[in-house]
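> No gaps in the numbering here: position 38 of the sequence shown is 45 in our numbering, and each next residue is one more.
Just to be clear, a hint being listed does not mean it is correct.
What the hints assert, rightly or not - Below, computed lysine-lysine pairings styled on DSBU-like, alpha-carbon distance capped at 35 Å:
| id | residue 1 | residue 2 |
| --- | --- | --- |
| 1 | Lys244 | Lys265 |
| 2 | Lys265 | Lys126 |
| 3 | Lys180 | Lys105 |
| 4 | Lys263 | Lys126 |
| 5 | Lys180 | Lys263 |
| 6 | Lys180 | Lys265 |
| 7 | Lys244 | Lys105 |
| 8 | Lys265 | Lys105 |
| 9 | Lys126 | Lys105 |
The set of hints was computed from the structure by calculation and includes no laboratory data. As the structure is a computational prediction, the values presented were derived from the model and not from experiment.
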Amino acid sequence: MENQKEEPVMDCPAPAGFLHPSLINNAPRRAHRSAAATNATSTSAANPSLAQPVDHAQVQRLGCSGNASCCCIRVLLLFVILGLLAWSSFSDPSPEFKISSLSVSPFNSSSSSSSSILKANWNITFSVRNPNYFSQISYEQLQVSVSYHGVPLSTASVAPFYQFGRLSIGMHKRFLEVIDMEALSSADNDVVSSMDRDFRQDGGAVNFTVAVDGTVRVDLHEGGYRRPMTVSCDNVKVGLSGNKTAAGALLGGSRKCKVHVNFHGWA
Numbered sequence: 008m009e010n011q012k013e014e015p016v017m018d019c020p021a022p023a024g025f026l027h028p029s030l031i032n033n034a035p036r037r038a039h040r041s042a043a044a045t046n047a048t049s050t051s052a053a054n055p056s057l058a059q060p061v062d063h064a065q066v067q068r069l070g071c072s073g074n075a076s077c078c079c080i081r082v083l084l085l086f087v088i089l090g091l092l093a094w095s096s097f098s099d100p101s102p103e104f105k106i107s108s109l110s111v112s113p114f115n116s117s118s119s120s121s122s123s124i125l126k127a128n129w130n131i132t133f134s135v136r137n138p139n140y141f142s143q144i145s146y147e148q149l150q151v152s153v154s155y156h157g158v159p160l161s162t163a164s165v166a167p168f169y170q171f172g173r174l175s176i177g178m179h180k181r182f183l184e185v186i187d188m189e190a191l192s193s194a195d196n197d198v199v200s201s202m203d204r205d206f207r208q209d210g211g212a213v214n215f216t217v218a219v220d221g222t223v224r225v226d227l228h229e230g231g232y233r234r235p236m237t238v239s240c241d242n243v244k245v246g247l248s249g250n251k252t253a254a255g256a257l258l259g260g261s262r263k264c265k266v267h268v269n270f271h272g273w274a
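All chains should be modelled from the sequences, with the hints used to inform the complete structure.
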């Protein structure tokens with residue numbers, strides 16, 4: 008038997024189903040799908056409505072149009088804010104004064120040939136209110152006086168104070184107490200006799216006038232300049248116990264005062 012040298016067989020046909028290594032290496036590779044993409048595909052197949060793209064602008068529109076009360080509340084709040092701004096700009100920014108209580112000690116009269124003096128201790132409590140929502144008011148150099156038929160009887164100075172706007176809850180109201188008012192000399196000797204006549208005719212009551220004069224600063228109005236203010240509390244009825252020189256107290260409850268601030272006056 009002859010020895011024959013075996014030669015490698017090249018380009019032999021491959022068995023069925025066998026892929027040559029060169030074909031495997033040169034074949035285009037398919038990208039592996041992630042687990043999230045696989046889950047999304049299966050979810051979309053199960054529920055086709057989830058496969059639609061999301062329009063975020065449409066979602067926002069549906070959020071308000073779907074809930075009509077939401078839009079109504081927003082519009083209402085806008086109108087309320089605009090209304091408050093307009094009202095605060097065009098309304099009278101003057102403060103409000105009201106006499107909450109008043110009492111007076113027994114009068115002690117002394118007279119001379121030219122004048123009469125009625126000495127008494129007046130205790131007056133004012134309720135002062137700032138009606139502005141946004142403007143603050145500072146009160147400067149206030150002088151409180153009590154008079155009878157135009158004749159000054161007592162006076163007192165009030166220390167400056169400050170009030171916030173109505174948006175500051177509880178800070179736009181203040182009780183101002185005036186005590187130990189100084190007695191003034193009356194112009195003539197007819198004051199005592201006139202009070203006695205009123206006392207008899209009005210059932211033991213005498214009418215006085217309480218006034219407050221001074222300057223105020225209203226911020227956000229007229230640049231916060233100083234403006235003259237006049238407060239007049241007319242026909243303040245005081246009931247005197249016993250006689251015209253006895254102690255007395257305010258009758259008829261609190262008394263509202265007229266307030267005038269000259270916003271066109273000096274700065």
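> Give a verdict on every hint.
Now for the hints, and whether the structure bears them out:
1. Lys244 to Lys265: 16 Å, holds
2. Lys265 to Lys126: Since the Cα atoms of lysine 265 and lysine 126 sit roughly 27 Å apart, the hinted pair holds (cutoff 35 Å).
3. Lys180 to Lys105: Holds: lysine 180 and lysine 105 sit about 11 Å apart, inside 35 Å.
4. Lys263 to Lys126: Roughly 26 Å separates the two Cα atoms, so the pair holds.
5. Lys180 to Lys263: 15 Å, holds
6. Lys180 to Lys265: 17 Å, holds
7. Lys244 to Lys105: 14 Å, holds
8. Lys265 to Lys105: Given pair lysine 265, lysine 105 holds - Cα atoms ~9 Å apart, limit 35 Å.
9. Lys126 to Lys105: 25 Å, holds
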